[in-house]
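Once you have looked at the hints, place chain B on chain A.
Just so you know, the protein sequences line up as chains A and B, in that order. Numbered continuously in the numbering used here, the first sequence closes out at residue 341. Numbered continuously in the numbering used here, the second sequence closes out at residue 599.
Read the hints as simulated data drawn from the structure, not as lab findings.
Chain A regions said to be covered by chain B (calculated; three or more residues, Cβ under 8 Å): (1) 70-76; (2) 94-106; (3) 118-128.
Computed from a predicted model, the values in this text were never measured in an experiment. No residue lacks a Cβ here, since even glycine has one placed at the ideal position from N, Cα and C.
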Amino acid sequence: MSRSPGAVVTSTPSTTGTDPAIEAIDLVKTYGKGTKSVRALAGVSFTATSGIVLGLLGPNGAGKSTTVKILSTLSTPDSGSVTVAGVDVRRHPDQVRRLIGYVSQKPAFDPIGTGRENLELQGRIHGMSGRNARRRADELLERFGLGEAANRLASKWSGGMQRKLDVAMGLIHRPRVLFLDEPTTGLDPEARVDMWAEISKLATDDRLTVLLTTHYLDEADSLAARLVIVDRGRVVATGSPDQLKSSLGGDSVHAELAHADRHDRVRRAVEAVPGVTRVTVDGTALRAWVPDGAAALPGMLAALGEAGIALASVSVARPSLDDVYLHYAGRSFQQAEEVRA
Amino acid sequence: MSTFVGHSRLLTLRSLRTLSRQPAYLLFTLVQPMVWLLLFGQLFRRIAELPGFGAASYVEYLTPGLVVMTAMMTAGWSGTSFIQDMERGVMDRNLTSPVSRAALITGSLAHQAVTTVVQSLIVFGVGLATGARYRGGIRGVVVVLACAVLLALIFAALSDAIALLVRQQEALIGVSQFLAMPLAFLSSVMMAPALMPGWVGDVARFNPVDWAAVASREALTSTPDWGLVLDRGALLLALAIVMGWLATRAFRAYQRSI
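Pulled out of the complex, with its shape left as it was, chain A reads as follows (with noise of 0.2 Å):
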């Protein structure tokens, strides 16, 4: 019990070098058995390197929350490899418990425990002496701001402190991979950018793996260096926010149009101009494609005010996450979460 997390860590192989920080391989997973039984994993398979935020970003029921579980040494996978700092999750999951941190969706604290007594119970589970768990306690209670209620019971926090009890519950052993699993749900927005800020400084400062799940395209598109789409169990798209944003290969031009009619002179004005690829057009909202936004504004507007449609404001933008959801997974975010609702 007199062992520090510290000694644990260095006595596990090591993934300095290029050793990625996970990865998983063909991942399968079914839940229930015959007629009834739901696939939630159908081969899964990404890397994440060593001290970077990697997001694994999905609708609701994409299969997020059951790679997590299979990662975190949870649960465990029909068929496919797993593993996580450098060690076999599948064939040594109490060695990979010691090297990483789960912060579950749901809250996991003891609410009739005060702070303090949370965190302390956490850092003994991990074998760190009474002492050692003490100061551990004190420097992540000062790190979240949560110093002033640390003795009281965390059953009287409000929402944003308890998830950061959480999250500096899942990092008082020093974890070398610290998995999130919809740290923001429920959060006010407030609480919300707060808690961001506090979890890129996990990869910047600490030099810790993060591995984040989200339902929130801005979450991950703020946070993440390298984003893993999933969509129905399987992996649609990876790369960095603007690589996938890049590979789209091109702006959008938004449109509100002044009235919602006459979609078909309008779609038929917006597809003659020279490089548009693609047109949508919803309401009043008028989207289209093009590979230079800029560039092709002027005889957009142009050709709109020929066919006398008035418009009340125009945008360029890049893509989004969610245009990118939307070419990978072949249906808009939106869609994909209300298919699950």
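Using the frame of chain A, we list chain B on its own:
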């Protein structure tokens, strides 16, 4: 092994802290046995006058039986805290940490053991106030507490295992309610062995509630048959160990299903 001991100590301390901060929970599960003691103790008072019943008063006969019955019924709720842990992320966090699975069970059982001692003393006190006399003295009372604790461990471990298998509060309560009543009535808790139908007596021989009731009543007589007490006590201990092991194994079934 040292991990198991260390983690057991930490989790036991945590569960006792929880108990000390929510002592009212001790009382909820005492309502039913109190009704039994006060109502049945009076209602069936004259049963003790039946030839062959062999007790000074019905309350005196009933009290040790109700102590162990209370232990069983309260312990049936033990798995509830596992279910709450599953509904929150606590179970997931525990299972992704290097915590000893057996220590998770130990923490839950320690909580139950302390609860049982406190509740048993309350039942003893109310029994005393309504006319029961404990002829076996302090030693007898301590033996009853030990039997009640062992019985509580058996049913708490069973409840924990069921919680891990069914993962739903309603199902857990259903199963423990389904078990509790037959086990209480197919035993000598309410009625002297000499006067119960033969088949009930036969069934009772395999009923841990009866083992605890028999040993408890015997320990409270003025001249106990210690051989009988030890025999039933050993059965309780053996079953408690088996149940504790099964409950620890149930974590695997839980992890396979998530």
